[in-house]
Amino acid sequence: MALRATRRRLPISAPTGVGIFALRRLAYTNLAACVALCAGTRAPAQGLGVTDDAGRSVRLAAPAQRVVSLSPAITELLFALGAGVQVVGRTTWCDYPPAARAVPNVGDGLSPNLESILARHPDLVVLYDSPTNMVATTRLNGLGIAALLLRQDRLVELARDARILGRLTGHADRGDSVAAAISSVRQAPALGLRIAILAWQNPPTVIGGASYLDELAALAGAENVFHDLASPAAVVSLETIAARDPDALVVFADSGGAGTRPEGLAWQAIRAVRSGRIIVLVGSRFGRPSPRAGEAVVEFRRLLEAGP
Amino acid sequence: MKRAGLLLAALAALILAVAIGPTHVPWSEFASSPIVRTLRVPRALLAFLVGGALGTAGAALQAVVRNPLADPFLLGLSGGAGLGAVLAIAAGLPGAWATPLAAFAGALAAMALVYRIALAQGSELDPRGLILGGVAVGAFAGALTTAVVSLADAVALRNALLWLWGGLSGASWDAVVVVAVYLPIPLAVLFAAARPLDLLALGEEPARYLGTDVGALRRRVYVAASLLTAVAVAVSGVIGFVGLIVPHGVRALFGHRHRALLPAAFVGGGTLLTLADTVARVVVAPRELPVGIVTALVGVPLFALLVRRWTA
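Protein chains in written order, with numbering that gives the first Met the number 0: chain A, 0 to 307; chain B, 0 to 311.
Hints in this document: simulated from the structure, not taken from any laboratory.
Glycine residues also receive a C-beta, built at the ideal position from the N, C-alpha and C atoms.
Don't take every hint at face value.
Some, not all, of what chain A presents toward chain B, calculated at C-beta under 10 Å [as the list claims (entries may be wrong)]:
| no. | residue |
| --- | --- |
| 1 | Gln186 |
| 2 | Leu190 |
| 3 | Ala242 |
| 4 | Arg243 |
Start from the sequences and build out the full structure, keeping to the hints where you can.
Dropping the structure here:
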């Protein structure tokens with residue numbers, strides 16, 4: 000009944016413009032991810048079965064009613080799916096939407112605190128796919144609690160997560176429409192602006208190609224001069240930043256305290272710093288893959304066009 | 000002859016550090032390039048000064064505690080500096096100098112604490128007390144650092160650890176000037192103590208009979224060496240092994256007389272760190288390695304060879 004009501008309210012929009020976008024995204028995605036996607040959307044009728052990003056198959060007898068989320072991106076996604084009331088635990092960093100703050104905090108989520116998770120009596124725990132979380136997952140399974148390892152480093156992964164979580168929380172249609180909305184974020188026309196995204200000042204740490212921010216920058220029409228670096232972030236020398244000569248430097252207003260805005264004489268070797276072309280982003284709005292990606296791209300674009 | 004060789008090696012290391020880097024700068028624009036003028040030259044000079052400070056501090060500390068294991072970091076200074084730096088990063092203190100100043104303050108606090116622990120009956124500094132106190136203070140500061148890091152948020156945590164591993168990526172002319180103005184005083188104190196340190200090498204009793212005030216010598220040398228280490232940590236983080244390896248290396252070449260040993264440790268330490276930093280900058284370009292990893296990878300096998308030769 001509730002399911003039907005949801006369906007009426009949320010027409011599944013035709014994913015316009017997805018074609019080219021999806022093709023471009025697929026180039027970044029490995030085969031395993033595709034397999035997971037297919038498995039996630041085509042599960043058998045009895046119970047709910049999905050394959051998570053660690054390649055584990057997770058099966059629930061009925062939609063999860065008590066979910067603990069150990070990643071801010073997942074918490075936001077669950078609320079966007081209409082599963083907010085089913086979220087019974089979150090991390091210290093889960094600050095969006097504002098309603099998420101009312102959910103009990105089970106810790107910082109970095110090395111999951113099993114005791115405070117168990118205290119919430121979850122029937123599903125969702126974790127980011129990392130080695131530490133893999134260990135926690137094994138222990139949760141040992142205690143008879145289903146746990147799901149998901150990655151959200153790129154929009155294509157977030158869209159897949161929306162489908163998987165939609166199914167497991169009984170909001171499959173909403174999951175599909177959120178996934179479609181995420182997949183239809185439009186590519187803005189190229190600005191011809193070359194940027195470097197600075198995650199930290201000392202040692203100079205830049206955002207590389209395998210990251211959500213790199214993807215946002217590309218969608219906003221800018222070119223990340225460190226797109227060729229295969230990791231999400233890397234320590235580079237100032238000399239390399241100077242030599243790659245970005246037109247503007249993107250920094251964060253709240254990515255972990257001091258030292259992010261370039262200060263000191265040595266930074267003067269970089270043209271963007273000398274000419275004051277520094278764009279400040281709010282980390283919580285741009286650093287985290289979210290269903291608001293479309294708005295983030297528009298806002299990023301506006302900042303890029305406005306200049307410092 | 001040996002001295003000329005060492006100076007030539009130092010000069011070659013400095014030229015190499017300025018000439019090569021992760022990017023290619025054509026010779027025609029070498030003098031005007033901001034990459035060379037604002038990045039490579041100050042970085043090479045800072046590496047040399049920091050390496051020199053660590054090498055000299057190591058040689059002096061090994062003499063004063065009469066223990067070949069002693070290095071600036073065994074005595075707890077790195078622990079104190081690391082705690083200061085991590086506190087500054089976690090508290091979000093603004094400004095490019097906040098972290099170095101906090102590290103400096105942390106190193107001085109650790110020095111004062113170790114000094115107090117090692118001060119046995121009145122005014123005698125006990126060498127065993129210095130080492131054991133240093134290890135204890137270092138471990139305590141390390142535990143506090145871990146506590147702060149585990150409570151701080153993920154990005155600050157990662158970067159605080161990266162800072163602790165040491166690196167010269169923040170090198171700039173103002174840092175070079177600060178260090179160059181600061182270094183001469185503790186260096187002069189150590190070089191002036193060369194002869195009494197030679198006497199101390201004979202043993203405490205003989206040194207006393209030959210007119211050395213062993214207590215005063217220990218206090219002076221310990222404080223001066225700590226001040227050298229503190230400034231090195233403040234501008235470059237914790238760069239290990241230079242202070243341990245360089246004194247042993249130059250001793251093998253220049254003998255045990257501190258008049259020759261201490262300056263040689265300065266030039267040798269500077270040369271080693273300048274070369275190591277050049278490797279750190281170019282070997283995985285465009286990325287960069289923490290220089291402490293390079294000094295360990297190069298220094299530890301050399302050190303093992305030296306130890307092998309002594310024990311054989």
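Hints versus structure:
1. The interface hint given for Gln186(A) is broken, as the beta carbon of that residue sits about 27 Å from the closest beta carbon of chain B, more than 10 Å.
2. Residue-level restraint check for Leu190(A) is violated (minimum Cβ-Cβ distance to chain B is 23 Å; threshold 10 Å).
3. Nearest Cβ of chain B to the Cβ of Ala242(A): about 4 Å, under the 10 Å cut. The hint holds.
4. The closest approach between the C-beta of Arg243(A) and any C-beta of chain B is roughly 8 Å, which is under the 10 Å cut-off, so the hint is satisfied.
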